[in-house]
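Full structure from sequences and hints, please.
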Amino acid sequence: MTEPVEVFVPIDSAARSVGADDVAAAIGREAAARGRQIRLVRNGSRGMFWLEPLVEVAASDGRVGYGPVGADDVSGLFEAGMLEGGSHRLCLGKTEEIPHLKNQTRFTFARVGINDPLSVADYEATGGLAGLRTALEMTPEEIVKVVTDSGLRGRGGAGFPTGIKWKTVLDTPSNLKFIACNADEGDSGTFADRMLMEGDPFLLVEGMAIAGLAVGATEGYIYIRSEYPDAAATMAAAIDIAYLNGWIGSSVLGTDHAFELYIRVGAGSYICGEETAMLESLEGRRGMIRAKPPLPAISGLFGKPTVVNNVLSLATVPPILAQGAEAFRGLGVGRSRGTQVFQLAGNIKHGGVVETAFGLSLGQLVEEIGGGSASGRPVRAVQVGGPLGAYLPTSMFDLPMDYEAFAAAGAMVGHGGVVVFDDTVDLSRQARFAMEFCAEESCGKCTPCRVGSVRGVEVIDRIIAGENRDANLELLADLCETMVDGSLCAMGGLTPYPVRSALEHFPEDFERHERLRGEA
Amino acid sequence: MVSKTTRSQPWSEERTAAIVKRHRGERGPLMPILRDLQDVFGYVDPRAIDVLAEALNLSKAEVYGVVTFYKDFRTEPPGETVVHVCRGEACQSMGAERLAKHAREQLGVDFGGTTADGAVTLEQVFCLGNCALSPAVLVDGRLKGRIDEARFDEIVAASRVEER
Chain A
23 MTEPVEVFVP
33 IDSAARSVGA
43 DDVAAAIGRE
53 AAARGRQIRL
63 VRNGSRGMFW
73 LEPLVEVAAS
83 DGRVGYGPVG
93 ADDVSGLFEA
103 GMLEGGSHRL
113 CLGKTEEIPH
123 LKNQTRFTFA
133 RVGINDPLSV
143 ADYEATGGLA
153 GLRTALEMTP
163 EEIVKVVTDS
173 GLRGRGGAGF
183 PTGIKWKTVL
193 DTPSNLKFIA
203 CNADEGDSGT
213 FADRMLMEGD
223 PFLLVEGMAI
233 AGLAVGATEG
243 YIYIRSEYPD
253 AAATMAAAID
263 IAYLNGWIGS
273 SVLGTDHAFE
283 LYIRVGAGSY
293 ICGEETAMLE
303 SLEGRRGMIR
313 AKPPLPAISG
323 LFGKPTVVNN
333 VLSLATVPPI
343 LAQGAEAFRG
353 LGVGRSRGTQ
363 VFQLAGNIKH
373 GGVVETAFGL
383 SLGQLVEEIG
393 GGSASGRPVR
403 AVQVGGPLGA
413 YLPTSMFDLP
423 MDYEAFAAAG
433 AMVGHGGVVV
443 FDDTVDLSRQ
453 ARFAMEFCAE
463 ESCGKCTPCR
473 VGSVRGVEVI
483 DRIIAGENRD
493 ANLELLADLC
503 ETMVDGSLCA
513 MGGLTPYPVR
523 SALEHFPEDF
533 ERHERLRGEA
Chain B
828 MVSKTTRSQP
838 WSEERTAAIV
848 KRHRGERGPL
858 MPILRDLQDV
868 FGYVDPRAID
878 VLAEALNLSK
888 AEVYGVVTFY
898 KDFRTEPPGE
908 TVVHVCRGEA
918 CQSMGAERLA
928 KHAREQLGVD
938 FGGTTADGAV
948 TLEQVFCLGN
958 CALSPAVLVD
968 GRLKGRIDEA
978 RFDEIVAASR
988 VEER
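Protein chains in written order, with my numbering: chain A, 23 to 542; chain B, 828 to 991.
Because the hints were derived from the structure by calculation, they are not lab data.
There's no promise every hint is true.
[Unchecked claim] Straight-line Cα separation of at most 27 Å, BS3-like style, residue types lysine-lysine; simulated pairs:
no. : chain 1 : residue 1 : chain 2 : residue 2
1   : B       : K887      : B       : K898
2   : B       : K887      : B       : K848
3   : A       : K371      : B       : K848
4   : A       : K326      : B       : K848
5   : A       : K124      : A       : K314
6   : A       : K167      : A       : K189
7   : B       : K898      : A       : K314
8   : A       : K326      : A       : K189
9   : A       : K314      : A       : K189
[As the list claims (entries may be wrong)] FRET-style restraints, in silico, Cβ to Cβ:
no. : chain 1 : residue 1 : chain 2 : residue 2 : range
10  : A       : R451      : B       : A977      : 23 to 31 Å
11  : B       : A943      : A       : N125      : 48 to 56 Å
12  : A       : R357      : B       : A946      : 51 to 59 Å
13  : A       : E101      : B       : E981      : 23 to 31 Å
14  : B       : R842      : A       : S417      : 55 to 63 Å
15  : A       : G103      : B       : E981      : 44 to 52 Å
16  : A       : T127      : B       : R849      : 40 to 48 Å
17  : A       : E101      : B       : K928      : 57 to 65 Å
18  : B       : D877      : A       : E426      : 51 to 59 Å
19  : A       : G488      : B       : R842      : 56 to 64 Å
20  : A       : N197      : B       : A984      : 52 to 60 Å
21  : B       : G945      : A       : E101      : 20 to 28 Å
22  : B       : N884      : A       : L266      : 32 to 40 Å
Model, not experiment: these values are computed from the prediction.
Glycine included, each C-beta is placed from N, C-alpha and C at the ideal position.
This is the structure:
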């Protein structure tokens, strides 16, 4: 009897959102009807969403991809000899040779899209636990030094050096310390945390266990937003398996180190992605932000020293420990070391994740890798770094993707999300939305954010309506300054960025309505 | 917003007490308890606030404050199907505002509202993490991508049939 052919259909929720489950079911039925032995594997997504559902078939010399596959295509694919890697109009050739994937440097995402996310055997066979095993041989100081030397900066958006944060927690004496993973990925245009949790959940478990060893923390919490039900379910299953296998628990891999890990699911609040609001929520309170200092590293969850890191920051630690600081540090430019997991989103032809070394330009990312707009119309604006990020025109496409270059241009790389808009976008509406969003999601603790955002919507409405334009523009500039300088956290402090950038780069959109009325 | 695997159960004080008991030993148990109440009953019944305040040694005001802060926690039962329409920027770039308008008109309710026949509750959400397959909606915890007006109507019609 011949070995069953391995067929891969992603279980990632985005792939499922366009019919991956139906495709998997159809493949199962078709194989049974034809008496073919297959082993159907539900893998993570490769992150090329325009090709989802992307079906792969294992051949002796690599995996052959087909996509985007609909359930209706399955019969034809079998007819064309898909199980032997046969040619078909949906055949993409060797998946690894698709230029979009081939040109990436997958460091954090090395395993995402390849394995069954919950297979212990697959995880260990592809280098899983190597980082944790290395860390168990080291002192806490040595682990922190490797992370510091790697140049890893927080992936949640602020870009704070991870090693320095860990050092602060390590150096703060306490009988109880925590690792809190921020998986409240609320920024529109970002989905890398979700993909990692759904596609390689053990990596996050391993990263958190290493963080625990590094700073002397014995408990970890993953705060996952409720909008990600699949990610929460996959992480919960992964944690159960990790306990069963002795990776975590009272004895981490048979040592006398303990690390307990728990999941907490959010309840629909954007501000809980701000680290101190997240801590409040974990403690069972309203997600009101805390004034800093004290830093969470010194007084965080339940008043104890706490490492608060983003999913991707923690998930990047295991390969750094396994391969050494230089493997990461050797990539990137300036002070932006290593890779960044960019996410191409919105009106884009080739949307998905692109993990690559820092330093390529915004234009390369959008036009070359992303293939321009999905609608086929000219790209007019991109918003980088989420709802609090600046809107940039195509004239700024030369900007290199690194933290410092973006900051110098009044923008931010943030979490690496890039949302593309074609020429039908009206930036005055987007500016208004930024204020509206802030008004909706503000925790209400500080006045510039709580009241400023509401006034911001009103002022922008008056500008759009052409009422006292100059006076209202001046008022808006004033309001933005107050919000930037006077807000307690990034919610109120950064909301002016999309507003100001829209005004600066697209002033014509704020006159359009007046002009239209004039023409009428 | 976590997936609804079975039809929501009617509120019961015993069931609420059992949920409280399960989480009592955890650090910061209020959120996990509210999360479970929401997932089991489809909403947080105001009667639960007294039970929680008593069990966790909190004031009713504290519990009420938490319930009302988070958008997921409703205080009334939702419709048979809950549809969240994403209005994040990525979805906006692909016509989400048009879809949001269509959804409200088609169902005859605003966001947060439930259709008169109790079949559908419509909610807005800012990002479902499906930003490369916009516009996105979440139907009873199941993510759907590339949703235009026609697909939206199909999904709503299908959920109505399913509920019968």
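Here is what the structure says about each hint:
Only pairs whose Cα atoms come within 27 Å are accepted, and B:K887 paired with B:K898 is accepted, the gap being roughly 19 Å. With a C-alpha separation of about 18 Å, the suggested pair B:K887 and B:K848 falls inside the 27 Å cut-off, and the hint holds. Note on A:K371 and B:K848: the hinted pairing is violated, with a Cα-Cα distance of about 50 Å set against a maximum of 27 Å. Between the alpha carbons of A:K326 and B:K848 the distance comes to roughly 26 Å, so the proposed pair stays at or under 27 Å and holds.
Restraint check: the Cα-Cα separation between A:K124 and A:K314 comes to about 43 Å, which exceeds 27 Å; the hinted pair is violated. The straight-line distance between the Cα atoms of A:K167 and A:K189 is roughly 9 Å, inside the 27 Å bound, and the hint therefore holds. Between B:K898 and A:K314 the alpha-carbon distance is near 26 Å, which keeps this suggested pair within the 27 Å criterion. A distance of roughly 15 Å separates the Cα atoms of A:K326 and A:K189; the hinted pair therefore holds under the 27 Å criterion.
As the CA atoms of A:K314 and A:K189 are separated by approximately 18 Å, the hinted pair is consistent with the 27 Å bound. A C-beta distance of roughly 25 Å is found between A:R451 and B:A977, which places it inside the suggested range of 23 to 31 Å. Our hint of 48 to 56 Å for B:A943 and A:N125 holds, since their Cβ atoms are close to 54 Å apart. Between A:R357 and B:A946 the beta carbons are some 55 Å apart, a value that agrees with the proposed interval 51 to 59 Å.
The given range of 23 to 31 Å is respected by A:E101 and B:E981, whose C-beta atoms sit roughly 29 Å from each other. The supplied range of 55 to 63 Å is met by B:R842 and A:S417, whose beta-carbon atoms lie about 60 Å from each other. Range check, A:G103 to B:E981: Cβ separation about 33 Å, and the 44 to 52 Å hint is violated. Taken as a hint, the range 40 to 48 Å holds for the pair A:T127 and B:R849, whose Cβ atoms sit roughly 45 Å apart.
At about 43 Å, the CB distance of A:E101 to B:K928 disagrees with the hint of 57 to 65 Å. The supplied range of 51 to 59 Å is met by B:D877 and A:E426, whose beta-carbon atoms lie about 54 Å from each other. In this structure the supplied range 56 to 64 Å holds for A:G488 paired with B:R842, their Cβ-Cβ distance being about 57 Å. Between A:N197 and B:A984 the C-beta distance comes to about 58 Å, which sits within the given range of 52 to 60 Å.
Taking the beta carbon of each, B:G945 and A:E101 are about 46 Å apart, not inside 20 to 28 Å as hinted. B:N884 and A:L266 have their C-beta atoms about 35 Å apart, which keeps the hinted 32 to 40 Å range intact.
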